[in-house]
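Trainee: Those protein sequences? They're chains A and B, same order as listed. Going by numbering that gives the first Met the number 0, the first residue of the first sequence is number 0, and it counts up by one from there. Going by numbering that gives the first Met the number 0, the first residue of the second sequence is number 0, and it counts up by one from there.
Read the hints as simulated data drawn from the structure, not as lab findings. Because the structure is a prediction, the values reported are computed rather than measured. Hints should not be assumed to be uniformly reliable.
Subject to a maximum C-alpha distance of 25 angstroms in a straight line, what follows is the list of computed SDA-like cross-link-like pairs (lysine to any residue) [claimed, not checked]:
| id | chain 1 | residue 1 | chain 2 | residue 2 |
| --- | --- | --- | --- | --- |
| 1 | B | K116 | B | F65 |
| 2 | B | K161 | A | R413 |
| 3 | B | K116 | A | G435 |
| 4 | B | K116 | B | V103 |
| 5 | B | K116 | B | E147 |
| 6 | B | K116 | B | A66 |
| 7 | B | K116 | B | L68 |
| 8 | B | K116 | A | D420 |
| 9 | B | K115 | A | N386 |
| 10 | B | K161 | A | G435 |
| 11 | B | K161 | A | D420 |
Chain A stretches covered by chain B per the calculated footprint, using a threshold of three residues with CB under 8 angstroms from any CB of chain B [to be verified]:
| id | segment |
| --- | --- |
| 12 | 170-181 |
| 13 | 377-385 |
| 14 | 409-416 |
| 15 | 457-463 |
Glycine is no exception: its CB is placed at the ideal position from the N, C-alpha and C atoms.
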Amino acid sequence: MAVDSCEQTHVHEPPRANTGARQWRLADRVQIGRADDGLAVQVLPDQSVLYARIQSAGRKADGSRLVLGHLPEVAALGSLRGRWASLPAVTLVLPPQQVLTRDVTLPSDDPAELHLMLSHEIETLSPYGAEHTQYGYAVIGSSEPGRTAVRCFLAEASVVAELCEPFARRKIPVGGLIPAPLASLAGLRALSQLRSGCLYVLGQDSAAECIQWHDDERWQGRTCLLGGPRQDAEELAREVLTSLSLFGGNPAGSDAPSEVRVAGPASLWLEDLANQINQRYASPVEVHPLDETLFDGIDPDMQVPAIRLAGAAWLQGCRDSLAQHAAIVPQSCRDHARRRAVLRQDAWWVGLSLAIALLGWAALSLGNWRMGRLADATEQSIAPYINVAGEVAAKREQLMAARRQLSNRDEPLRILSGLADVTPGGVFYHTLRVEGDGTLTIDGLADSLHLAFELPESLRKSPLFTQIQLNYAQQSGSGQQPVVEFRCTCRARMTARQGGQRQ
Amino acid sequence: MRFSDRERRLARLVLLALLALAVTRFVWFPLLGERRQIQARLAEVELQRLSVQRNLAAREAVERNFAALQDQLQEARSNEEDLSLFLRSLSRMLSGMALRIGQVRALPSEVQRAYKKHTVQVEVTGHLASLARLLAEVSLSELPVRIERMEVVGAGNDGRVKATLWISELILLEMPPEGGAA
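So that you can see chain B by itself, here it is in the shape it has in the complex (with noise of 0.2 angstroms):
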């Protein structure tokens, strides 16, 4: 079969585009797919590298700090010791006061990577002197534990009020090294 110029042109057009076709398809996009790949994990490499060109910078400075907190910083223990032990330390706090003490109720805990945090509600009734003063104790007190957040009302016309008290004690956990670059 013979076939005329134009014709030998578009068919060796078509065939160009075949090829470039098959080109981008089976050699083109592969290498583009690899190279975002590659793009993306050098970026993480290159994260990781300056997260921890960032953590031996500052390692100094943060081994000096930690020492200074070590001694009021809690290490972990079972969930129910690290609660048990918690709710004696409150105990402990609020037996001096003038305060009725109502309900007590644990919180579901917050864990994190580095630590975990127990939070309990405890409604307390009481002149607003005590209150302070439980304020006061628990602001001065060596455990590593806040009140998170405070409600107060009045309860009756004797200056007395019902406060509710959402107190936390921070527990330190173990953390393996690893992947801890970030």
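Excised from the complex, chain A in its bound form (with noise of 0.2 angstroms):
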């Protein structure tokens, strides 16, 4: 990524939108890493804005762009927002006076067990207290196996809501506060100026920023309030002296700087600040203005809040250690994400269900139509001998009837010739039927119980007759001459009966 061009707008009560913009090119040296499309934004102490947009323009970082400007609040976040409705998120710079600085040691070396930690510290490291209290941190060491040290940038919860607010309100995302320290330090990395052992002094307003970094485990940052509007050498150098005792420890030491650079109002009285320090710092440091073609045509107030933004937009882009934890989150934004993280659940729940259900739809209406096809298949395989085989069919049926009306047509004379042959002497037969299933019903009479019970007998002897069954015999009459009525069943055997031939 390459800062393009740079434009700037003051802007005083009431705002204006795009009156007066003048836009000032900062150098081509702002290298920031991968970039998602964003915007970082800089709310500065007269309530105007300066915002820097990324834009990423393809896999390749020096074609994408990065614009530095100055917008009026309202007109120009709510033209930012009609401009850029798809961005993810805006980021914004803390300011050095809202955030405080704590290092402490935490015992792992586990990214998630630091976070957890470190939310269980807050407690003891915040004077807002934990619940008023929003957090970023960066890992700034491992000094011994299983200990980390942690620089936890601290902010009062309600000036982080107080600062979210105007966006909230024109309903412009923002993803988190960088605070300025990790801002000064991230824009002098992205504007190419880091140094190992170098003092870095970005003075703006009230405070100034003291910096001296010798690695990305290694730096240290100051801020320093200072009386008034503006800053005077004496003071500044004074603050600039402590810096220069607390990181560099022993003047003659090794990590004593030998060189300070200066960005801000301040670099107008640089000899005069040299002159300060000199005078009263025991080693002799060479104090010069950051590189001056970095800001070429920038107001030197301008100068830190560009060197912060482009940290800003470094750190948005920047997916490595030092930027992973280091933004604020504001709660609305947690919130916003919590209700996102929600219901894209949500949404995966509800696509999976329906997923399983049209899964299961397919394959139903598949094997629904797949059978469809078979049937109708088979229908058209049969159809040519349907006419055939229905022909078939009906002489079958005639065929059958025939020989059910042709066979055995004797079977009443049969029946007679049998019972006449099988018939003992002394038993007559008064009422003879013959049902069409061949049952046979005989009453008679008979001259001795013994004769009617020996018809049975007999009747078991031809092969005409089965089923043989005397339903009864009683003796009726009287006299000389009793006789002995019955009944008698049985079925007569036939071949091939009822059509029990085929065909």
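Hints given; two lone chains; assemble the complex.
Mentor: Quick look at the structure:
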């Protein structure tokens, strides 16, 4: 990513949209890593807004564009939202006066545990109380295994909410607030200005930041609150000397800075500041302005905000350890993220359910379609033979009826003949019934019970009869010639009866 | 309105249950119903196919057997004509017998898809030998007639019997071939 241009607008109340806009070009030295489209914003003390648009263009970092500008608060943010409605979030720079920095060593080197431990430590670290504190942190070193030094940036929740409120009112999502010390350090890195051991003094209005960087795990920062709205060389030199003593320890030591680089209004009276420092510091120190080619045409008042904004933009696009947890995420953003996560989870479940239902529907529909196709194919395959088969079936039916009709037609005659052959003497029939199914009922008279009982035995000897049963035999009449009435049933045994033959 | 995690989980479960119910009611059940209909149709078609196969396989044998019986089979006319012809044939059979004909009554005809059967109830009185001759005549007739039922009762002491005969005649019907595959 590179800064292509810089635009700045000084706006005084009441704010006017894009009136009197001035554009400054920052040197093409802002290098940031991967970046999503986004917006870095710094609200200045006069309530004007300085912003940098981050726009990724393809995969090449140098094809991206970073624009610095200055817009009236209300109109500018409204138009920003309208223009870049799809922006994921805005990154704000948290002013140095609103940030407390605390270093703490935690007994773990697991990033997940660090976060949890720090949340418990906040109560002791923050003067605002854990409930009213919002924080970000950066890992600044692991001096020994299992222990990690963490630099924690604390802000009062109400201050964060107040800063975010104008954005929230216009429904511009604030993704995070970068503490000014970190933004300044990142800005110096983005502008390729970081030199190991050098002390950087970034003065703006009533505060000045002193930063010394050796590497990402060894850097120190100090925010000095100055007496008045304008700085003077004597007061600033005093703070610089304090910082030199704090950061460098012994002036003759290896970590003692030998060079001071100054940005902001202080660069206007650099010689005076250098004299003040060298008069009081034991070791000679060179005092230079920050590379002036960076700020070609930019007012000294806007130099430090520009550096911080470049840093915020750099951190927004950066994925390294320095930027990972540095941003202070406002509660509204956390709620928004939580709502989105819940919505995403719900959508996932609904999508999964619908997908399962859709799969079931598709499987069942496919099965139905295949069975329908099979039925159609079978119907088509037999269609040419339906008529022929129908004729054959009709003839078969007729044939079977004819066979039933014509078979065993001599059955009654054979029954009469068979009965005549086996009937013992002394047995007389008076009624004979032959049913259609071959059931034979014989009612008759016998001279004696013995003869009546002999009849079934006689019938059994004949191959014509089966299932022979004597239903009753009872003596009737009186006197010298009693007779026995009887009823006997049997079935005629026939061959191939009732259409037993096929075809 | 803010929901707690538990309430949200419950709401999600309820929504999922409602979704499942809706999907079951409006998608799954209709599809299952459609599937059952298609399965029934498939089974019907498969049965039809088997029937067609069976009929086609038996076609030659059926034609041969049918041709062998062709001479004995009667073609259909109107019921009155059929019955008239049947009674005429019956009277020819009975004419030479020493049997006294009592009541002759036409019973309701049995009409099937491929044939119909006329049945006549005849009461005759005579000697058993004459009855036996009649039975033999019927069994040897070239017409498709048979005695379905018979009831013989003694009629006096002179050896005469009274017989009630249910005699039927088969008439084949012309059938439209469609739908006759079963």
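Trainee: For every hint, state whether the structure bears it out.
Mentor: To see whether the hints hold, each was checked on the structure:
no.	hint	result
1	K116/B to F65/B	holds (18 angstroms)
2	K161/B to R413/A	holds (18 angstroms)
3	K116/B to G435/A	holds (14 angstroms)
4	K116/B to V103/B	holds (17 angstroms)
5	K116/B to E147/B	holds (11 angstroms)
6	K116/B to A66/B	holds (21 angstroms)
7	K116/B to L68/B	holds (17 angstroms)
8	K116/B to D420/A	violated (34 angstroms)
9	K115/B to N386/A	holds (22 angstroms)
10	K161/B to G435/A	holds (19 angstroms)
11	K161/B to D420/A	holds (21 angstroms)
12	170-181	violated (count 0)
13	377-385	holds (count 6)
14	409-416	holds (count 6)
15	457-463	violated (count 0)
Hints 8, 12, 15 from the list above are not met by this structure, while the remaining hints are.
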